[in-house]
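Participant: Working from the sequences, and respecting the hints, build out all of it.
Mind the numbering: the sequence shown is residues 1 to 826 in the UniProt record's numbering, read in order.
Don't read these hints as lab results, they were simulated from the structure.
Just so you know, nobody snuck in bad clues.
As a list, the in silico EDC-like pairs of lysine to aspartate or glutamate whose alpha-carbon atoms are at most 20 Å apart: (1) Lys-115 with Asp-128; (2) Lys-693 with Glu-666; (3) Lys-665 with Glu-763; (4) Lys-779 with Glu-799; (5) Lys-362 with Glu-376.
The following label-pair restraints were derived from C-beta to C-beta distances: (6) Asp-486 with Lys-422: 54 to 60 Å; (7) Asn-218 with Ala-116: 30 to 36 Å; (8) Asp-186 with Glu-25: 44 to 50 Å; (9) Glu-781 with Ala-824: 22 to 28 Å; (10) Arg-228 with Phe-780: 58 to 64 Å; (11) Glu-247 with Glu-453: 27 to 33 Å; (12) Glu-25 with Cys-185: 44 to 50 Å; (13) Ala-692 with Glu-25: 30 to 36 Å; (14) Gly-684 with Ala-363: 53 to 59 Å; (15) Ala-692 with Leu-758: 18 to 24 Å.
The beta-carbon is built from N, C-alpha and C at its ideal position, and this holds for glycine as well.
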Amino acid sequence: MTDATNETEYDVFAIQDKWLPIWDELRPFASGNPQDSRPKKYVLDMFPYPSGDLHMGHAEAYALGDVVSRYWVQKGFNVMHPIGWDSFGLPAENAAIKRGLDPKVWTYDNIAQQKASMRRYACSFDWDRVLITSDPIYYRWNQWLFLEFYKKGLAYRKNSNVNWCPSCQTVLANEQVVQGLCERCDSVVTKKALTQWYFKVTDYADRLLDDLDTLEGNWPAKVLSMQRNWIGRSYGADVQFEIEGREEPVTVFTTRPDTLFGATFMVVAADSALAAELAANTDAETQRKFAEYLEIVKQSNDIERLATDRPKTGVHLGRFAINPVNGERIPILVSDYVLADYGHGAIMAVPAHDQRDFDFAKALDLPIKVVVDTGEEDPNLSGTATVGEGTLINSGPLNGLAKQEAIETVIALLESEGKGKKTKNFRLRDWLISRQRYWGTPIPIVHCEMCGEVPVPQDQLPVELPSAEGLDLKPKGTSPLGGAEDWVNVACPKCGMPAKRDTDTMDTFVDSSWYFLRFLSPNSTTEAFPKQAAKDWAPVDQYVGGVTHAILHLLYARFFTKVLHDLGYVDFQEPFTRLLNQGMVLMGGSAMSKSRGNLVALSEQLDQHGVDAVRLTMSFAGPPEEDIDWADVSPSGSAKFLARAWRAANDVTSAVNTDVATGNKELRKATHAFLRDFGPLIEGFKFNVGVAKIMELVNALRKAIDGEAGGADPAVREAAETVAKALSLFAPYTAEDMWQKLGHQPGVALAQLPDADLSLLVESSAIAVVQVDGKLRDKFEVPVDITEDALRALALESEAVKRAIGEKSIVNTIVRAPKLVNIATN
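Facilitator: Right under this line is the structure:
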């Protein structure tokens with residue numbers, strides 16, 4: 001063990017070099033000892049993607065997560081704070097292709113670099129709990145989970161129009177399309193008909209929505225709102241419209257069945273199977289117009305198609321539907337403003353009371369019929385649909401009814417005639433998980449001409465990726481795994497005849513949907529995670545990460561957890577009890593990027609200012625959820641403060657365990673006021689205020705050291721030790737060195753802050769002020785328990801007060817003991 005040094009100059013780099021190897025030996029954050037009787041706490045940071053070395057966003061995220069972890073360790077908890085790498089996916093594959101490398105080589109080199117940087121950054125990770133999602137020992141259990149879902153009917157394969165990135169040459173889930181662009185490469189996303197694997201997340205839509213109520217107050221309101229909006233539950237009716245010349249009716253979902261009498265046409269999604277079927281039974285000219293229009297629609301993405309300001313276009317099919325409530329014959333058209341995967345891919349159009357339908361009707365000269373009297377001008381005259389509530393008109397048996405009563409009446413009518421039923425609909429769609437790329441988890445299914453889809457037996461897992469050597473990984477619309485013939489061609493596990501492996505790989509959100517459970521036993525080869533460990537540790541007590549994952553990752557992790565609960569593997573239904581989202585780190589008001597020329601390298605900041613100064617700056621810059629502009633903060637100022645705190649510890653001369661009762665009264669009050677306030681600030685994520693409180697205590701400490709008693713004052717030691725313990729949450733290297741200089745063995749991370757002695761904070765006296773006719777005339781110190789009569793007497797005896805009253809008469813005296821006497825004269 002290194003002896004305390006006598007240096008008087010603060011050298012953060014020497015301190016870093018000194019303590020990192022000592023911590024490696026001490027392992028203060030190991031959480032796996034079965035004999036550890038401390039209460040358990042699970043703190044988890046969203047794990048990184050290994051796209052290069054750590055950047056400024058990582059610096060903020062891991063500084064904040066570390067504050068939380070270290071705080072609970074200091075409070076006496078056995079904290080599990082693991083780390084891993086989300087290492088499969090398109091970025092690694094695209095980067096490797098660009099560089100002519102194997103994705104595995106590129107990925108694992110980056111992981112090694114990031115791991116070294118994390119250690120330098122002094123993150124409180126349990127380095128015995130590490131996982132890498134591209135390791136076969138991890139993705140074997142992705143495959144096991146897939147097969148569990150498959151057995152339960154939650155994994156299935158179907159042909160449908162999917163989001164297609166022409167640059168990445170792979171399908172994308174709806175959540176991976178951002179404003180019509182691929183989230184990975186910013187290419188415009190199109191539609192393509194493919195047979196793909198899905199997880200049936202819609203089976204859990206109600207629970208995913210309703211259980212958000214249990215997270216109120218523990219998750220940011222913004223995230224809960226985003227989840228609710230994405231799931232998008234709506235109530236209404238499924239209505240059956242007969243189609244002339246078609247045996248089966250078409251079902252339409254509507255939230256406003258009360259307006260059925262105003263449905264004057266039907267619109268079918270142009271890229272739906274229904275549209276193709278209806279168009280096929282028309283004349284050649286209609287078929288030609290439909291085919292031309294369909295090609296145009298395929299060039300648009302869903303965001304563009306749903307834009308309210310987009311000009312409405314469509315094609316008449318020359319086919320007709322029958323309105324089920326009045327028997328009217330209404331035309332059927334195709335358009336791009338209806339989506340194939342919403343509801344049933346067709347809508348009843350009520351143009352008088354829906355603006356998009358109104359705009360479409362105007363553009364194609366279709367009839368508009370008012371059926372709700374809202375008190376507004378007739379849409380045919382105003383040029384605007386009336387979307388408010390009112391009284392039903394022109395609606396037969398619904399006339400005179402208000403909205404809700406009309407809805408219930410028409411649903412009852414439809415159900416009695418077998419033409420509809422009450423139902424609900426969701427914006428949420430099943431999760432498309434298959435990808436036509438190499439660097440991902442192989443889907444454990446074999447396709448056999450005799451047996452169809454055959455699950456790979458458990459004893460043959462993992463289905464490992466073949467070597468990338470000799471494979472053409474460039475995107476081409478089909479998986480590169482198809483070129484690995486020795487890998488693809490296998491015997492059917494069921495009949496033994498020649499068969500082929502599924503060549504798609506899984507969406508990497510599968511990897512991150514359950515990784516928090518794998519940390520319980522990251523190296524197990526016999527189970528994904530132990531049930532008992534899940535009971536002991538999970539769910540995660542505190543999750544820390546960016547709000548960019550508010551939908552994609554969190555929704556899928558919640559889905560996985562509910563499935564695992566239903567399968568009997570866990571006894572909880574929500575994966576993350578509390579969620580902290582950090583903001584972005586900007587530079588000059590913009591997100592950092594090479595193209596903008598405002599990229600700040602974390603390694604350069606660490607080399608210039610030291611780890612502790614960067615970490616402290618990240619915590620002090622503002623509330624965690626707000627963005628930080630690196631141009632507006634001062635890591636050099638943080639470094640100066642740390643040097644000041646370190647020197648204060650160096651100036652303490654009293655012995656360890658000195659009786660502090662006789663120490664400086666004012667400094668002791670300051671120390672215990674800090675102890676009273678600090679914990680609630682950290683638990684409330686007010687880290688910046690917590691840092692400010694440490695700075696205030698250091699100022700009081702410095703003042704006492706420079707006073708008469710100097711560093712020998714017992715209260716000085718108490719305050720300095722308090723600073724070292726609190727500072728260890730933000731600046732662990734400096735705090736550890738302070739702790740040693742104060743005569744203690746390492747490590748300060750395990751040294752608990754004492755409870756505040758509230759008796760020191762009870763005031764025995766107060767300052768009373770005396771006003772005469774609203775003007776301050778005197779003030780003096782009085783006991784806090786002084787009576788009103790005694791305070792009045794003291795005030796009237798004051799010479800200053802007597803002069804102010806003079807010859808005037810007192811007409812009223814208000815006394816608020818112990819702080820105020822207000823005298824009014826005539």
